[in-house]
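*Asks:* Sequence:
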Amino acid sequence: MAKKTDESKICAYCENSQPSVLPDEFICRKKGMVSATAKCHSFAYDPLKRTVRPRNKEN
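Residue numbering for the sequence shown follows this note's numbering, starting at 310 and increasing by one per position.
Hints in this document: simulated from the structure, not taken from any laboratory. There may be inaccurate statements among the hints.
[To be verified] What follows is a list of derived Cβ distance ranges for each label pair:
| id | residue 1 | residue 2 | range |
| --- | --- | --- | --- |
| 1 | R362 | E324 | 20 to 30 Å |
| 2 | N365 | E334 | 24 to 34 Å |
| 3 | E367 | I336 | 37 to 47 Å |
| 4 | K340 | N365 | 31 to 41 Å |
[As the list claims (entries may be wrong)] Taking lysine-lysine pairs in the DSSO-like style, the calculated list, with each CA pair at most 27 Å apart, reads:
| id | residue 1 | residue 2 |
| --- | --- | --- |
| 5 | K358 | K339 |
| 6 | K348 | K318 |
| 7 | K318 | K339 |
| 8 | K358 | K318 |
| 9 | K340 | K358 |
| 10 | K358 | K348 |
| 11 | K318 | K340 |
Note that beta-carbon positions come from the ideal geometry of N, C-alpha and C, so glycine has one too.
Please construct the entire structure, taking both the sequences and the accompanying hints into account.
*Replies:* Pasting the structure below:
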């Protein structure tokens, strides 16, 4: 399992945030309008919001 760091605790991956009409902006239940890279103490990780990068195929 990957080690969770402070870099992965951003609003884009939080269950308290929803995407807004503006690019790179989210609507947080706790703070209102925030940027996608914002951080706060109310962070709750939502694994369904993360996009998985494909692995390098080395044969």
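*Asks:* Each hint should be assessed against the structure and marked as holding or not.
*Replies:* So, going through the hints one by one against the coordinates:
no. : hint                     : verdict
1   : R362 to E324: 20 to 30 Å : holds, 21 Å
2   : N365 to E334: 24 to 34 Å : holds, 32 Å
3   : E367 to I336: 37 to 47 Å : holds, 41 Å
4   : K340 to N365: 31 to 41 Å : holds, 37 Å
5   : K358 to K339             : holds, 18 Å
6   : K348 to K318             : holds, 6 Å
7   : K318 to K339             : holds, 15 Å
8   : K358 to K318             : holds, 12 Å
9   : K340 to K358             : holds, 19 Å
10  : K358 to K348             : holds, 16 Å
11  : K318 to K340             : holds, 15 Å
The structure meets every hint from the earlier list without exception.
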